[in-house]
Structure formats: C-alpha cells, structure tokens
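Please arrange chain B on chain A, whose structure you already have, making use of the hints.
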Amino acid sequence: MPERVIATEKAKALVRWLKDEFGPLIFHQSGGCCEGTAPMCFKRSDFRVGASDVFLGSIEGCPFYIGAATFQYFSSMQVVIDVTKDGGDSFSLEAPGGVRFITRSRLFTDEEIRILDTQGPPPTGLMPHSTSDRHQGVRS
Amino acid sequence: MDTKASKSASQFEYRPSALRMRYDNFIGGKWIAPVKGRYFADSSPLNQMELAQIARSSAEDVELALDAAHKARHRWADTAPAERARLLNKIADKIEENLQFIANVETVDNGKPIRETVNADVPLAADHFRYFAGCIRAEEGAISEIDRDTIAYHFKEPMGVVGQIIPWNFPLLMAAWKLAPALAAGNCVVIKPASDTPLSLCVLMDLIGDILPPGVLNVVFGHGAEVGTPLARSPRIAKIAFTGETTTGRQIMQYAAETIIPQTMELGGKSPNIFFADVMDKDDEFFDKALEGFALFAFNKGEVCTCPSRALVQESIFDKFMERAVARVAKIKVGDPLDLATQMGPQCSRGQMEKILEYIRIGKDEGAKLATGGDRAHPGGDFEKGFFLQPTVFTGNNKMRVFQEEIFGPVISVTTFKDLDDAIAIGNDTLYGLGAGVWSRDANNLYRVGRGIEAGRVWTNCYHVYPAHAAFGGYKHSGFGRETHKMILEHYQQTKNMLVNYSTKAQGFF
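Top to bottom, those sequences are chains A and B.
So in the working numbering, spot 112 of the first sequence is number 112, and the numbers just go up one at a time.
So in the working numbering, spot 187 of the second sequence is number 1187, and the numbers just go up one at a time.
The shape of chain A in the complex, shown without the other chains (with noise of 0.2 Å):
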C-alpha cells in the first residue's frame, strides 16, 4: 500500500538526531504565512493532536499529523520530507541548528489512487504511537 508520508535518507538521520536530543517527537504539516506548508516537529508533550487532525504516517516512528482542511489538499499527493540548510526562523526543534525540514510533494499515480481508496480516509485523532522511542535518552 503506498505511504501517504515517507522521508528522505537525509531527513531521516536528522529525525533520529533530534530524538536522542529531545526525546520522542511529533511533526505536524502546518500551512498559513512565513513558515507555513513547512512540517513542524515538535516533542511530542508539546502538541496536543486534535480529534480532526488526520494520521498520513510515521517518520522513524514519529507520527506525522496534518489538520483536516488541509488534508483535503493533499489527499491525492505523498508526502516526502526532506531537509534544508538556512530553512529560516521556527518553532520546529531543528531549526536552531540552521537546517529546516521542507515537504515536498508528488501527485499519486492512478494506480496508487486506486489502491488508497480501497483503504478508506486514514485515521484521525491521536494514534496509539508505537514504543520504539519510548526508551531513548532525553538529553534535553
């Protein structure tokens, strides 16, 4: 079946950089002005899923959530998230370090369609998130 969200090699290594420096992490596609339509990645204590927000997949074990409007416009697109250097000013944990997670995006094929529509819209509200990351070190 394919990912509704998938990573690059590149922004992956960044994702388990900044798990073992803040501990277990939750991105969230946010839209709107200056770093909007950029994924925020926030610990995951410090964002509260909403009942709406809509489940696309996880990023070494990280769920990915995205609000529910903006769903809508990119139910017929994948997700890849890649990295950035001098991404600009954020909220998300990596940007102090001069790089910023960017989404890129590519049109599913008719065939993938297909196959997405036989699942059903994915799920919403907050997931039980596997316990992988549950036991790295919280430095931070």
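Everything labelled a hint here was simulated from the structure, so no lab data went into it.
Heads up, a few of these hints could be off.
As the list claims (entries may be wrong) - From the derived model, a few chain A residues whose C-beta atoms are all more than 12 Å from chain B: (1) Glu3; (2) Glu9; (3) Met40; (4) Ser58; (5) Glu60; (6) Ala69; (7) Glu111; (8) Leu116; (9) Asp117; (10) Gln119; (11) Pro121; (12) Pro123; (13) Thr124.
To be verified - Reference listing, derived: stretches of chain B covered by chain A, where coverage requires no fewer than 3 residues with Cβ under 8 Å from a Cβ of chain A: (14) 1219–1229; (15) 1289–1300.
All of these numbers come straight from a predicted model, not from anything done at the bench.
Ideal Cβ positions, reconstructed from N, Cα and C, are used throughout, including at glycine.
Just chain B now, with coordinates in the frame of chain A:
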C-alpha cells in the same frame, strides 16, 4: 513614484557601516549577553553576506526579560497616558529621523526593495506609534448609572506583562503594530523578533532604548524553538500576540489554554483579488490602476499574509485582461533591492525560496498553466548567491493546491468567474479569510462582493494599503483580533468595574 528616499542607490550600503558586529538582548534598559553565551550569524538574502552576530537566547534569557518587565510594570501602568503618549511620539520622531538608515538595514536583512522600506515599512512604523499615542490620550472609560444610588465605573487597566512574537516579512512594521498599542495601554513587553530578520529591532533599540523606562520594552533574540516556546508557555505573561503559521498558532493557543491567557493570532491568508469585466470598459487611468492591483502580488516579493495570490477575472474579459496583466508582470524589475528602481528583491531565506520553487513544481504537476516566470531570477554578480525568483503567474482552477495553500512568494494563480455570486463563492472557497480585493466601476459590484467575502479586510479599488485607523485581522483560519486600529487596545487591556453604592441604607437581606 513619489519617493521619500533622499539618498541615491549608491549611498545605501550592503552592510551599513553603522551596524555593530554583535548584538545582545535588550533587557531592563541595557544590552545583556545571552546567558549561554551563544550567538548566531545573521546574513543577507541578497548575497549571503554576514551582517552581524546576534544573541542566540534560551529560556534563561526569557526569564531575565520577564523579571525586568515585571519589575517595571506597576510604574509604567501608573504613568499618565499623556506621558506614555509623549514617549511614543518620541519613538516615532526617532524612527523618522533615522528613516534612511533603518530602511537600509531592513532591506539588506529581509531583501525587500528599498523603495518599499523607505516609503512604507519605516514611515508606517513611525505613524503607528503616533496613532496609538493619540488614541491613548483620547481614551475614556465609561460610567453607567444603574439607579439613583448605584454607579458602575468602568476603568481600562493594562494586562501587565505581555509576550509578542514577530514574523520576518515586515520585521519593523509588525513589531510597531504590536508594540505601539501594548505600550500605549500601559503594558510591559517581551518581544521576540524572527531570527531571520533581527536587525531592524537591533538598530531600533540602539536608537530608542533610552526613551522608555528600563524594563518596559525587552527584546530577546533567537529561534522560535528556543525563545518563542518558553515565552509563549510562560505563566508570567498575561497575553500573547503571534503572527505566523497555523500549527505554531495552535501550539501557542494550547499553551495559552494551560495558563488561561488571551491571545491574538494572525495566521496567514490566500486572498482573492477580483476583477469585474467593467475594469476594461476603458483603457484609462483606472484600468492602469487595476493592472497595478494585479501585479501587487509581487509586493514584498509575495511574502505578505495578504498577498493577493489568487486573481479571479470575469470570464468575458479573461483573455484580453491576461494579455495586459502578464505583460505588466513581465516588466517587474527584479534585482538589487538597494536600487530605488527595483520592484522585487530576493526571498527572505533559502528555505523560503525552495518552498516556493516546490510550489511552482506542484502547480505544473497539477496541470496549472504557467503564463510567465516559474524559475529563479539571475541578477548577476554577487547576487547569484542570493535567493531571487521570477514573478510567476499560473492559470488554473481554484481546487488546485497553488490556489489553496499560502505560498508566501511572488506567485499568483488566476482563474475565471461568471458573475457576482460566482465571484463570491470562489473567493470564499479557501481556509483563510484575511484579505481580499475587488475592482469594478460599478458600486453595486463593489459593495456586494465586499460584504459577501469572508475576510477581515476587503480592499476596494485598491490593494496593499496599510494605514493606521483601518482595522486589520482575519476571519476563519487567518486568526482573530484586529490590529492597526484603536480597537486593538482592548486586547491589551482589562476592564475594571467598580460598582459603587452611594446609599447609606442596608440592602435588607440579612
């Protein structure tokens, strides 16, 4: 263009020599080094030249700023409105006296063209301080006569210490929008500028630092994750004001729910700019103005929450309108933002440029038709290191992502509408509701669209004008609260009611 710039382009500097090499935090009336001793390099989006080292602050510095603000708050709250107004006017004078320098700094730090900083950002910032100086002088509480013996007095009192988080697209002006009413109302402020664009507040504090009593205005520099988060979640602020994107807006509101404080939020837009067929009835001055209104999506390189990033053109004129509009856009001068003739400078950061290029790719993938632009611009020389883009025009339909998501760049997506109802329906088919524009020679079109669009500001036969005394703020996902008008004072005030009874007789219950 009537320009206030008295310098020729060559007199502006790519790194203004009056800048210091390093800026600390401004706390309690003094420049104070960040507790952890860390700094970050602030560089110019024109050519990646380093402009200064800036304090990379942490939660400890936010606490110091809050200490200073709390120490100052009672005295500032008790300062007579006339005196507060006098000091705000002094700030305005200082900004005006140094207009060229501040504009120069803002341009090299953000990339916006000098013709905009000299004629809009800096003079508007000064005017905002003057406006709120006037408002607070004229402000009155209220007295209600409940009955012959019972009077309700309503006093407006400051909140105390407030937190403000400023975006990078109008670093000085957005600070002025938030600082002027907060200070006028008698609050002390801890403000965090964006780490991409700290310099205008650095030089501002050098200029006005001794005007206000120590601790009244504190500036903590650094990154959102390291300064914004501890400031927004602090139980020691009585209000938080934020301009930025929606996820962080949500996060800040979650913090505010925990500390039970009010917020004002400005979170972006996808503003429709609606052109009725009658704009082309004559090829006159008004039509020329409408074409400029179309091209204003490139104002501040599109890095404006109210960027008219969707144009809706009545279908009967679409082809001939687009011919003229695209020709107008193709003439936009991209290049050295310190040249007074330049209309578009570089995007604010590499990340921003890459995000915009990604959207241009998405637009093409979705089948939107590229009418002009669509790539990086190459002004040559040292500017090849800068983040320059071409103004870009897409045509397509309103369901496409380039019509629905805020690109925050010089990209406009154009579609057609049939009639007035259709224009309103397409205009409102968006998550956002910050700005809108409507252009017509028919007052009924203007009025019906103006009232029908769900947005906080509908520019009518004009666009991108930001005078003080006209309320600005969003419907829907664009946030809430209205700035640039005296009504924002209420967001920085508590109402104190004293209910006084002048009778000597007992109530008779016990």
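Right, here's what the structure says about each hint:
Against the 12 Å criterion, Glu3(A) stays outside the reach of chain B, whose nearest CB is about 18 Å from its own CB. Every beta carbon of chain B lies more than 12 Å from that of Glu9(A), the smallest distance being close to 18 Å; the non-interface claim holds. Non-interface call for Met40(A) relative to chain B: violated, since the shortest CB-CB distance, roughly 4 Å, does not exceed 12 Å. Chain B leaves Ser58(A) outside its interface by the beta-carbon criterion, the shortest separation being 18 Å against a cut-off of 12 Å.
Non-interface status of Glu60(A) relative to chain B is upheld: no Cβ of that chain comes within 12 Å, the nearest being about 19 Å off. Non-interface status of Ala69(A) relative to chain B is broken: a Cβ of that chain comes within 12 Å, the nearest being about 5 Å off. For Glu111(A), the shortest C-beta to C-beta distance to chain B comes to about 17 Å, beyond the 12 Å cut-off, and the non-interface label holds. Every CB of chain B lies more than 12 Å from the CB of Leu116(A), the least distance being 17 Å, so the non-interface label holds.
No Cβ of chain B approaches the Cβ of Asp117(A) within 12 Å, the least distance being about 18 Å, so the stated non-interface status holds. Here Gln119(A) stays apart from chain B, with its beta-carbon at least about 22 Å from theirs, past the 12 Å limit. In this structure Pro121(A) is separated from chain B by more than 12 Å, as the shortest Cβ-Cβ distance comes to about 18 Å. With 12 Å as the threshold on Cβ separation, the claim that Pro123(A) sits away from chain B holds: the shortest Cβ distance comes to roughly 19 Å.
At the 12 Å boundary, the C-beta of Thr124(A) stays outside the reach of chain B, the nearest C-beta of that chain being 15 Å off. Figure legend: the segment 1219–1229 of chain B, annotated as covered by chain A; annotation consistent (7 residues with Cβ-Cβ distances under 8 Å, at least 3 required). Three residues within the 8 Å Cβ limit are the bar, and the segment 1289–1300 of chain B against chain A gives 0, so the coverage statement is violated.
Violation of the numbered hints given earlier is confined to hints 3, 6 and 15; the remaining hints are satisfied by the structure.
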